[in-house]
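> Sequence:
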Amino acid sequence: MLRRLLASSLILCVASQLAAAFTDGLLPNGNFELGPKPREMKGTQVIGRNAIPQWQITGFVEYIQWGQKQGDMLLVVPEGSYAVRLGNDASIKQKVKLAKGMRYSLTFSVMGIKQESTLYTNKY
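Read in order, the letters of the sequence shown are residues -21 to -1, 1 to 103 in mature numbering (1 follows the signal peptide of the UniProt record, and there is no 0).
Hints may be right or wrong, so weigh each one.
Unchecked claim - EDC-like, lysine to aspartate or glutamate: derived pairs with alpha carbons at most 16 angstroms apart:
id, residue 1, residue 2
1, LYS16, ASP51
2, LYS72, GLU41
3, LYS21, GLU41
Rather than coming from a laboratory, the hints here were simulated on the basis of the structure.
Given only the sequences and the hints, what does the whole structure look like? Please build it.
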């Protein structure tokens, strides 16, 4: 199953639980605690499709740390210490192997910067 999350200027923190898929119950690197290497960053921007372990990104993606400021605005991380911020037409996705006949639940936190922000999720 492939989850693709598209958003316009969103801070996204995945706090997912997939029953029986992983022994710890979490999507691998779901809270983005494993971040890009310094050489894969340009300021807060993530450079490279596979720079965030376990994830594939496209477009303008920022790696945000709890308490980080952007101008006068404090960037909030809903869970854990790190999150990603997706620019216009950016995406982040991960492939997860599932067992046929099992039920799974995926939950995540999204915070929109703009009032007209949109979140798209796809399953394949």
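> With reference to the structure, classify each hint as holding or not holding.
Verification of the supplied hints:
{"no.": "1", "hint": "LYS16 <-> ASP51", "in the structure": "violated, 27 angstroms"}
{"no.": "2", "hint": "LYS72 <-> GLU41", "in the structure": "holds, 15 angstroms"}
{"no.": "3", "hint": "LYS21 <-> GLU41", "in the structure": "holds, 9 angstroms"}
Of the numbered hints stated above, the single one contradicted by the structure is hint 1.
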